[in-house]
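Construct all of the structure, not just a fragment, from the sequences and the given hints.
Per my numbering, the sequence shown starts with residue 1, numbered consecutively.
Don't read these hints as lab results, they were simulated from the structure. Honestly, I wouldn't trust all of these hints.
[What the hints assert, rightly or not] Mimicking DSS-like on lysine-lysine, the simulated pairs with C-alpha atoms at most 25 Å apart in a straight line are:
1. K347 / K395
2. K347 / K187
3. K272 / K303
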Amino acid sequence: MQPTINVKHGNENLVSQSGLLPVGALLESIKFGERFDNLPGVHCVDPKISHGDILSSMVGLICVGKPDYSAIEYYRQDPFFFTQSLGVQKCPSQSTLRERIDLIGTSANEMIKRASVEMIREKVPAISPIQTSAGSFIPLDMDVSPFDNSKTKKEGVSRTYKGCDGYAPMLGYLGTEGYLINVELRKGSQHCQKDTPGFIEDILKLTRQITQEPLLIRLDSGNDSQDNFEVIMKWDDVDVLVKRNLRKESLDGWLFLAQNAEHVKVIRCPHKSVWVGQTAVGLKGQTLPRPIVFKVTERYESKGVPLLFAEIEVETYWCTVAGLSPQEVINLYHDHGTSEQFHSEIKSDLGLERFPSCHFDSNSLILHLSLLGYNILRIIGQTSLEEQNGVDLPKNRKKKVSRRRLRSVMQDLIYMAGRLIHSGRQWFLSFGKVNPFSKLADNVLQRLRCSPG
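Okay, here's the thing in structure tokens:
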């Protein structure tokens with residue numbers, strides 16, 4: 001007969017999110033709170049809690065996946081560990097947090113991005129490039145992602161291209177690990193190309209503070225604009241790969257061009273034919289400013305059903321990297337789809353799809369704080385991959401991977417139960433003997449506290 005387990009109420013100092021310690025270590029490494037002692041244009045008469053403490057507290061909530069104001073009340077019941085781990089003097093209330101976020105608005109956005117860049121430069125284990133036949137490039141992926149805020153009356157919420165009401169922020173990621181470098185909150189109805197040249201200029205300035213390696217910017221067809229090329233071409237060692245917007249170009253014209261072009265790879269199957277190649281001449285015979293890589297598919301059946309008229313699918317790309325084969329260009333663009341996983345981590349793992357405020361500027365600040373929180377969790381995850389050698393982990397965590405998802409980082413290293421012990425005028429955090437990640441968490445914490453990178 002199985003023994004009955006009963007509940008006992010004790011007085012032990014227990015914490016359920018021990019992973020706030022490495023979060024606080026990264027905030028301390030960049031002196032995050034001290035940066036906001038004086039914010040130009042933000043006037044708060046005799047604040048009992050500093051701006052830095054407010055913003056650090058919000059970053060802490062984001063890192064545990066609770067980016068809403070009411071979540072702070074949980075930590076106010078016993079704020080000692082929350083305040084000590086994040087390096088804040090006092091835990092704010094829900095109303096104080098909301099009012100101060102509204103007061104600060106967008107005035108701290110640029111400072112937060114600079115702090116994040118400094119943290120990435122000093123603390124990331126590596127920023128991995130992509131290997132091509134023309135050399136290695138660090139990918140810089142930019143894209144718009146709709147954030148569903150349906151059935152709300154928040155400022156700036158409008159119809160997105162996905163058919164839902166919400167916001168459509170622009171996000172930019174660096175490296176195959178996906179470090180978030182720049183964000184811009186936008187109204188849902190705003191076209192993805194509007195303000196993008198300025199976004200590209202800003203992200204390149206931030207990226208060059210981190211690395212001087214060759215970059216490959218990858219953009220979707222919505223950003224197929226000469227304005228973007230003019231900004232990018234001003235920078236050295238920066239190339240671009242953009243899926244072209246066909247606009248009103250004839251699909252039959254592309255099929256004819258593909259069938260008659262030279263050096264085209266043709267793949268013929270019973271149900272389709274595919275032409276992959278490159279052309280320096282447009283559909284009207286005009287000379288192009290740069291070659292176009294194309295993939296034209298003529299499909300004869302769909303889901304096993306023969307078609308009366310063949311369907312034509314056309315994909316075309318601009319790429320400024322010389323020496324790449326057409327198939328390699330296409331594969332590089334398809335790899336750009338990895339950024340969709342990064343969007344998902346922000347929206348689902350951090351729980352940020354539905355913003356907490358009704359004010360646009362406040363939500364913009366929350367998005368920028370999430371940029372920092374996202375990078376903190378990414379750094380913790382990537383550091384744990386390097387520190388797990390010699391640590392006895394569960395079998396599903398021994399697999400060789402290049403990147404850990406934020407949800408895995410939160411479940412394994414943030415949501416860790418521990419016991420606070422005060423002995424010899426020192427505080428200790430004790431993990432249980434059955435915690436398989438306790439040694440790894442200690443290794444990560446010591447590394448983040450001690451040395452850069």
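Q: Could you check the structure against the hints above and give me the numbers of any it violates, in ascending order?
A: 1
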